[in-house]
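K.L.:
Dock chain B against the given chain A, drawing on the hints supplied.
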Amino acid sequence: MTFSSYLFYFLSILAIYSAVMMLISKKPIHSVLYLTLTFFSIAGHYILLNAQFLAIVHIIVYAGAIMVLFLFTVMLLNLNTEEHSPKPVFVKLIAILTGGLLMIVFIGIFRGYDLAVFQDPALSQIGLVKNLGKVLYKEYLLPFELSSILFLTAMVGAVLLGKNEQI
Amino acid sequence: MITFTQNLQIIPINFYLVFCAILFCIGVTGVLIKRNALTILMSIELMINSVNLLLAAFSAYMNDPAGQIFVFFIMVVAAAEVAIGLSIIVVIYRTTGSIDIDVLNKLKW
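First to last, the protein sequences are chains A and B. Residue numbering for the first sequence follows this note's numbering, beginning at 664 and increasing consecutively. Residue numbering for the second sequence follows this note's numbering, beginning at -12 and increasing consecutively.
Possibly wrong hints are sitting among the right ones.
[Claimed, not checked] Quick partial rundown of chain B residues pointing at chain A, CB under 8 angstroms, derived from the structure:
hint, residue
1, Ile(-2)
2, Leu4
3, Ile9
4, Val63
[Stated by the list, open to error] Which chain B residues face chain A? A few, computed with CB under 10 angstroms, are given here:
hint, residue
5, Pro(-1)
6, Leu10
7, Cys12
8, Ile13
9, Asn36
10, Ser37
11, Met49
12, Asn50
13, Val64
14, Ala67
15, Val69
16, Ser74
17, Arg81
18, Ile86
Source of the hints: derived by calculation from the structure; they are not laboratory data. From the three backbone atoms N, C-alpha and C, an ideal C-beta is built for every residue, glycine too.
Chain B extracted, bound-state conformation:
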């Protein structure tokens, strides 16, 4: 389908794999090192975005539109999730006066 000389000009799919893996791991590290609930939500958004980009990359390389449709639906769900998550953070701030997640340790019991 594609000859070798053409192949040299195209960015390999491995580059996207490594780039998205690095972004995902930065998101995981952010969830682990931060105490601020807002920053944790932002790190989760970063993880969602890295997976989205990888799905779109595979869709473009395999010439299959289903992947990009799924990315669109993931964006829809992420928008709804952020609206709910931020309103939960606002409620937590109203009740406890802080958005430090260690305040919520009573949820463990």
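Looking at chain A on its own, in the form it has when it is part of the complex:
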């Protein structure tokens, strides 16, 4: 057991605990805060994989932008109340059973899997900003530019939907 494996276990248990708490908590605002905790522990996982660019982008985009949007919606619509009519216990039990069966299937698939040749992630340099930037601007320039059009479309769509008048 090395330090990085202790860190791996700690971050995994934190992520799973806060993801489960997100489902259990009754108020939407608690769910949002627990999901933010999950996102921070996933960012820790990215740092553990030496993917520093992804870790920073993950914190900026998810914890900084998306969760603020969620919090803003919860507070703007004054939705911070418990669910009026939660699903019956029977339906919840079947849903949990379905999720558990899916997990058993996944673990059964992945059990015998192992990479024949692999690199120590702590030594790989590909996750650094310098190397990823070179790849992004040389080989993936067209998708990068197209994603800006996607953003523009999403922005126009969000403004159009948010306007309080008939379209």
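P.N.:
Same frame as chain A, but now just chain B:
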């Protein structure tokens, strides 16, 4: 490429596979048990994140930068998706006064 003693110190890729499978299944369960549209959107975000982490893990273990570039693009699409999804939820709240997804059962017909 890597000897056995070095191999013991590295976290196996199976651990990432199992961890991401557990997170994904928590997201699926969340979509199934919740009625609040906001919480369902958050569960979908959780599923996207677990797949992203697995893609980045494989990219780091195989020493191939393409995986991390794809994770970056998935994050871009997820940000756009959340903006549109939340504005749709706001519109639903304005028209029906609730974000319970069972209010929307007329979409079935």
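K.L.:
Hint by hint, say whether it matches the structure.
P.N.:
How the hints compare with the structure:
Interface restraint check for Ile(-2)/B: the shortest CB-CB distance to chain A comes to about 5 angstroms, inside 8 angstroms, so the restraint holds. Because the closest C-beta pair between Leu4/B and chain A is about 4 angstroms apart, less than 8 angstroms, the hint holds. At a threshold of 8 angstroms, the smallest CB-CB gap from Ile9/B to chain A is about 6 angstroms, leaving the interface hint in force. With a cut of 8 angstroms, the hint placing Val63/B at the interface with chain A holds, because the nearest CB-to-CB distance is about 5 angstroms.
At about 7 angstroms, the closest approach between the beta carbon of Pro(-1)/B and any beta carbon in chain A falls short of 10 angstroms, and the interface hint on this residue holds. Restraint check, Leu10/B versus chain A: the minimum CB separation of about 6 angstroms is within 10 angstroms; hint holds. For Cys12/B, the interface hint holds, since its Cβ comes within 10 angstroms of a Cβ in chain A; the closest pair sits about 4 angstroms apart. Of the supplied interface hints, the one on Ile13/B holds, with its beta-carbon coming within about 5 angstroms of a beta-carbon of chain A, less than 10 angstroms.
Given hint, Asn36/B at the interface with chain A, holds; its Cβ is 6 angstroms from that chain's nearest Cβ, closer than 10 angstroms. For Ser37/B, the suggested interface contact is upheld, since its CB lies about 8 angstroms from the closest CB of chain A, less than 10 angstroms. Given hint, Met49/B at the interface with chain A, holds; its Cβ is 7 angstroms from that chain's nearest Cβ, closer than 10 angstroms. At a threshold of 10 angstroms, the smallest CB-CB gap from Asn50/B to chain A is about 4 angstroms, leaving the interface hint in force.
A distance limit of 10 angstroms between C-beta atoms decides the matter here; for Val64/B the minimum to chain A is near 7 angstroms, and the interface restraint holds. With a cut of 10 angstroms, the hint placing Ala67/B at the interface with chain A holds, because the nearest CB-to-CB distance is about 4 angstroms. Proximity of Val69/B to chain A holds as hinted, the smallest CB-CB distance being about 5 angstroms (cut-off 10 angstroms). Hint on Ser74/B holds. Least Cβ distance to chain A is approximately 4 angstroms, under the 10 angstroms limit.
Below 10 angstroms, beta-carbon pairs count as interface contacts, and Arg81/B has one with chain A at about 7 angstroms; its hint therefore holds. Of the supplied interface hints, the one on Ile86/B holds, with its beta-carbon coming within about 7 angstroms of a beta-carbon of chain A, less than 10 angstroms.
Violated hints for the displayed structure: none, as all numbered hints are satisfied.
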